[in-house]
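Participant: In order, the protein sequences belong to chains A and B.
For what it's worth, UniProt numbering labels the leading residue of the first sequence as 1, then goes sequentially.
For what it's worth, UniProt numbering labels the leading residue of the second sequence as 1, then goes sequentially.
Hints in this document: simulated from the structure, not taken from any laboratory.
Do not rely on the hints blindly, as some may be mistaken.
What the hints assert, rightly or not - Think about it this way: if two alpha-carbon atoms lie no more than 20 Å apart in a straight line, the pair counts; the simulated SDA-like pairs of lysine to any residue are:
no., chain 1, residue 1, chain 2, residue 2
1, B, 190, A, 271
2, A, 275, B, 201
3, B, 251, A, 216
4, B, 190, A, 263
5, B, 129, B, 145
6, A, 84, A, 64
7, A, 40, A, 223
8, B, 190, A, 261
Claimed, not checked - Rough simulated footprint, nothing fancy, chain A against chain B, three-plus residues with beta-carbon under 8 Å:
no., segment
9, 182-190
10, 212-221
11, 239-247
12, 250-257
What the hints assert, rightly or not - Non-contacting residues of chain A with respect to chain B, defined by C-beta distances greater than 12 Å in every case (computed):
no., residue
13, 12
14, 33
15, 63
16, 74
17, 127
18, 129
19, 133
20, 144
21, 173
22, 241
Glycine residues also receive a C-beta, built at the ideal position from the N, C-alpha and C atoms.
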Amino acid sequence: MSQVVLETRNLVRDYQIGGGLFRKSHAVHAVKNVNLTLEKGKTLAIVGESGSGKSTLARMITMIDAPTAGQIFIDGEEVDILRKGLTPELRRKVQIVFQNPYGSLNPRQKIGDVLMEPLIINAKIPASERRDRAMTMLKKVGLGTEHFNRYPHMFSGGQRQRIAIARALMLNPRLLVLDEPVSALDLSVQAQVLNLLADLQDEFGLTYVFISHDLSVVRYIADEVMVMYLGEAVEYGRRDEVFSNPKHEYTRTLFAATPRADPEAIRARLARRAKQRTTVEV
Amino acid sequence: MALLEIENLSVEFETATGKLRAVDGISLSVDEGEVLAIVGESGSGKSVSMLAVMGLLPWTATVKADRMTFQGRDILSLPFRERRRIAGNEIAMIFQEPIASLNPCFTVGFQIEETLKAHTDLGRADRKKRTIELLKSVGIPDPEERLNSFPHQMSGGQSQRVMIAMALACNPKLLIADEPTTALDVTIQKQILDLLMDLQARTGMAMILITHDMGVVAETADRVIVQYKGKKMEEADVLSLFEAPNHPYTKALLSALPENAVGDRLPTVSDFALEEAPYTGAAS
Numbered sequence: 001m002s003q004v005v006l007e008t009r010n011l012v013r014d015y016q017i018g019g020g021l022f023r024k025s026h027a028v029h030a031v032k033n034v035n036l037t038l039e040k041g042k043t044l045a046i047v048g049e050s051g052s053g054k055s056t057l058a059r060m061i062t063m064i065d066a067p068t069a070g071q072i073f074i075d076g077e078e079v080d081i082l083r084k085g086l087t088p089e090l091r092r093k094v095q096i097v098f099q100n101p102y103g104s105l106n107p108r109q110k111i112g113d114v115l116m117e118p119l120i121i122n123a124k125i126p127a128s129e130r131r132d133r134a135m136t137m138l139k140k141v142g143l144g145t146e147h148f149n150r151y152p153h154m155f156s157g158g159q160r161q162r163i164a165i166a167r168a169l170m171l172n173p174r175l176l177v178l179d180e181p182v183s184a185l186d187l188s189v190q191a192q193v194l195n196l197l198a199d200l201q202d203e204f205g206l207t208y209v210f211i212s213h214d215l216s217v218v219r220y221i222a223d224e225v226m227v228m229y230l231g232e233a234v235e236y237g238r239r240d241e242v243f244s245n246p247k248h249e250y251t252r253t254l255f256a257a258t259p260r261a262d263p264e265a266i267r268a269r270l271a272r273r274a275k276q277r278t279t280v281e282v
Numbered sequence: 001m002a003l004l005e006i007e008n009l010s011v012e013f014e015t016a017t018g019k020l021r022a023v024d025g026i027s028l029s030v031d032e033g034e035v036l037a038i039v040g041e042s043g044s045g046k047s048v049s050m051l052a053v054m055g056l057l058p059w060t061a062t063v064k065a066d067r068m069t070f071q072g073r074d075i076l077s078l079p080f081r082e083r084r085r086i087a088g089n090e091i092a093m094i095f096q097e098p099i100a101s102l103n104p105c106f107t108v109g110f111q112i113e114e115t116l117k118a119h120t121d122l123g124r125a126d127r128k129k130r131t132i133e134l135l136k137s138v139g140i141p142d143p144e145e146r147l148n149s150f151p152h153q154m155s156g157g158q159s160q161r162v163m164i165a166m167a168l169a170c171n172p173k174l175l176i177a178d179e180p181t182t183a184l185d186v187t188i189q190k191q192i193l194d195l196l197m198d199l200q201a202r203t204g205m206a207m208i209l210i211t212h213d214m215g216v217v218a219e220t221a222d223r224v225i226v227q228y229k230g231k232k233m234e235e236a237d238v239l240s241l242f243e244a245p246n247h248p249y250t251k252a253l254l255s256a257l258p259e260n261a262v263g264d265r266l267p268t269v270s271d272f273a274l275e276e277a278p279y280t281g282a283a284s
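Extracted from the complex, chain B is given alone in its bound form (with noise of 0.2 Å):
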């Protein structure tokens, strides 16, 4: 069954030189238990559009969709209340950057009961115990003592396990990762990658893995979706996209890793799709 579907997804912004569409007519479904990758370049409106999801957008966007289900439920016309209660307990979300999505007043410990305050029910001791919990199921080591730690006093990857366990705090349903890995080192980058995949094999999680790197989609991903300039450029099971690349877009991806160069220049992707999607949006 389909965990969240949406039809038909557009995203504009209102901006001082006249509307720039950001999401242009995405339409994605992603079942219970799924690993969905997105993939696209810097502007391909890949982050925009799980943000709709979220409802986390700024107010100068406007948000249409023919459809955004999740669990059935529309969550477009919930009132404001009713999706805050969706969002950030049954869809999680955590982002690119850890060291600044973590608040550097507040001690690490602190900002993960706040999730489980706000969501849940349990009393103080039971949400101590709870955190204690979650910094041991990613792997944080002495998590007693790390509770009282500040986000300055823990390096990129520690903060990035932190901000994977605020936002397992509630087991969501869905977790979306916007770029999770990209500010980290290689080595650290496999670490968390194989946390965040050991975690959706246990709890059987969805997730949707925002990322612009073909090497992490490959290690990672079930199904994939090409984005480009806003559009749904190709979607496929991961094997078949690396096997048989369909759309010109991603085959000039794939062609544009320096792993798949051959003889000495590569090749590069812009040229090539701007001509096979024109795009006549605002971007310059």
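Pulled out of the complex, with its shape left as it was, chain A reads as follows (with noise of 0.2 Å):
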């Protein structure tokens, strides 16, 4: 039987926003009513416009943030950081990779110290067995033992993904939320990226929470898949059925846009455009 390691229970967040000494605070719902849940080892992709919700609910995820209401269980374990805080249990378990590899990593920072801050932070391990456990991680990301003294400005952009990838795995996390890792990398590294996920999906039994703008990038990694709009999920399902049979407008909205690379799209958009041509011609 397949364990559930997130859950969400009507999990809401709302922001206060201006409010001065004559002027009243208004709350704007940044996510409303959310609920899911997610099984070991699989991928769930969170999709949706800027403005949606979506990285406010993998901030409350990644215990970054509190929810307003509503529970969030993780491993069955209720998560309440507001009353009951957070243990460095708690930390290992989630962890988090940000969109820009440029601006999440510290440029002062070796990338080895980098790997083991997580370390001194939250686990009490000697110093030599904290190096050991940072090369390893090196080399399961793609990278050498020879980058561990060197800095981030001279890493590339996919370089830095996979630093920041293997930063968040150090502490053996049991959900890895990813918000947009591959959107600031080109077509060719973010293949890499993706597979790379792919693998340590399957090495360590990881379950991801992917977040994302991209339909193809989704299509091609979910398991299951949430739309959100305007801070509501209006479509969740497994990955399958939103894409042959999506129920709600806006995901219909969403496929529509999403450009197509076949050629019988590109014929029939080349026989609009000529007979474009001739009417404005006529």
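Mind docking these for me? Both chains are given alone in their own frames, and the hints should help you get the complex.
Facilitator: Here it is in structure tokens:
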């Protein structure tokens, strides 16, 4: 039987905006009533445009932000960072990889230190073992031990994203939240990072929450898909169901907006264009 | 007739570690009313070659070409002032990050009028009228109101529309769009691409679209140039490029698209292409 790693029940997050001496503040409902369950080893993709609340949801799952209402369960255990706080054990279980590998690494920190820092903070391990683990992890993500003493600026975007992934994996997390991990990367590098993520998932039995706005990537990597629109989960289901039979209007709009790169679509477009040209000339 | 013709263009940058050749012998031509897409990954020199056309490269760059003509006039040997008259007027360019390309200190109306002031001899009232007209043509609601908005009051998609309005201010013959939709959501991307294609069809201007997104190419281009590490890999019309790519790099690029994935793993480009196109530059 498969274990449920992540579950949320009626998750809500409001932000209070504005408000001054004479002005009333108002609430922005960033996430409204989101329910999800995710089993071990599966990938849930969250799709939506900017402002749809997908990153807010990610912040709550990663325990960076506390929800306004609702519950989060990780490995069946309820998480409540407002009342009970966070234990190192919980911190270890969920890790995040951010979108921009140029912004998420400290430029003054060597790669080795980047990788060892989570261990210093969250685990009691002697220095020599920390070093060994960091070296092993570097090799796992396709980098070499010679990279240990280099600074982030000496790496390309794809390599930096590998480093960010390595850092997230240092504590053997159960759940990895990936916030648009490949959208800042070139197509070929994107393919490499996606392959790496797939390999790591197999090897460590990781569970992914994969946030993206690129439907072709989602279709490739996800087991389950959630489409968010204005804070609500308008569509949630297995990948093939969502892609073959989208129920919500917004999902259909999203699919229609995604550029298609197959010859039939191009032929249809060229025909439309030729027609348009002749009508303009006449 | 060819509008823009470039033969054997190369651009070198003077860097601390020696010369870096960003563009290496690129030739291309664009006909009137044609949409040409230049595809490549970052570092392929696609933006640099177009900045060279616009004359926007910094002084550390050396631009060499056997020929670079716009409407039959050699633009490389033109004096600076005359070149300025072409860039921004007959050739216009829009950039990747609309929010970064607008000046945050001035209203969008002011910034569009500035272009008109520099390139036309319209009076004040006419300039305002034209600005409103332009904003309307790029689909901004309440153009009279939005004239007085500052860039931070507009969304990414709207800022890009303002940039397009600014580029179209002088009815350019050629519009160069450098990754115009990369920073935008898919739904907004669709709107902006539709707008560009619609404007292109209405005005009959030529367009060069720089992008790394094969989907965008498929949705817009007539002809495609694939560039890799400063060199041209392949040139073909859009349909034959997608149906029967010739060059191994193009094939690799197309197979790296997640929607073309066969089985569990994505084929990656780099190892594949490197052996086919050896490169001896200073890139590391």
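Participant: Next, verify each hint and record whether it holds.
Facilitator: Cross-check of the supplied hints:
Of the supplied pair hints, the one linking residue 190 of chain B and residue 271 of chain A holds, its CA atoms being roughly 19 Å apart against a limit of 20 Å. The straight-line distance between the Cα atoms of residue 275 of chain A and residue 201 of chain B is roughly 11 Å, inside the 20 Å bound, and the hint therefore holds. Of the pairs offered as hints, the one joining residue 251 of chain B and residue 216 of chain A holds, with about 18 Å between alpha carbons and a cut-off of 20 Å not exceeded. A C-alpha spacing of about 19 Å is found between residue 190 of chain B and residue 263 of chain A, which places the hinted pair at or below 20 Å, so the restraint holds.
Restraint check: the Cα-Cα separation between residue 129 of chain B and residue 145 of chain B comes to about 13 Å, which is no more than 20 Å; the hinted pair holds. Restraint check for residue 84 of chain A and residue 64 of chain A: satisfied, since their Cα atoms lie roughly 14 Å apart, inside the 20 Å limit. As the CA atoms of residue 40 of chain A and residue 223 of chain A are separated by approximately 11 Å, the hinted pair is consistent with the 20 Å bound. The straight-line distance between the Cα atoms of residue 190 of chain B and residue 261 of chain A is roughly 14 Å, inside the 20 Å bound, and the hint therefore holds.
Only residues whose C-beta sits within less than 8 Å of a C-beta in chain A count toward coverage, and the segment 182-190 of chain B has 6 of them, enough to reach three; the restraint holds. As drawn, the segment 212-221 of chain B meets chain A at 8 residues by the rule of a beta-carbon pair under 8 Å; at three or more, the given contact holds. Residue count for the segment 239-247 of chain B with a Cβ under 8 Å from a Cβ of chain A: 3. That meets the three needed, and the coverage hint holds. For the segment 250-257 of chain B, the stated coverage by chain A holds: 5 residues have a C-beta nearer than 8 Å to a C-beta of that chain, and at least 3 were required.
Residue-level check passed: residue 12 of chain A sits 24 Å from the nearest beta carbon of chain B, beyond 12 Å. Even its closest Cβ contact with chain B, about 23 Å, leaves residue 33 of chain A beyond 12 Å, as expected for a residue assigned away from the interface. For residue 63 of chain A, the non-interface assignment is confirmed: its Cβ lies about 27 Å from the closest Cβ of chain B, beyond the 12 Å cut-off. The Cβ of residue 74 of chain A sits about 28 Å from the closest Cβ of chain B, beyond the 12 Å cut-off, so the non-interface label holds.
Interface exclusion of residue 127 of chain A from chain B stands, the closest Cβ pair being 31 Å apart, more than 12 Å. Taking the minimum C-beta to C-beta distance to chain B, about 33 Å, the non-interface status of residue 129 of chain A holds against the 12 Å cut. With a least CB separation of 27 Å from chain B, residue 133 of chain A remains clear of the 12 Å interface cut-off, as annotated. Every C-beta of chain B lies more than 12 Å from that of residue 144 of chain A, the closest at about 15 Å, which supports listing it as non-interface.
Once the 12 Å rule is applied to beta carbons, residue 173 of chain A is consistent with being away from chain B; the minimum gap is 23 Å. No Cβ of chain B approaches the Cβ of residue 241 of chain A within 12 Å, the least distance being about 18 Å, so the stated non-interface status holds.
Comparing the model with each earlier hint shows no violations; every hint is respected.
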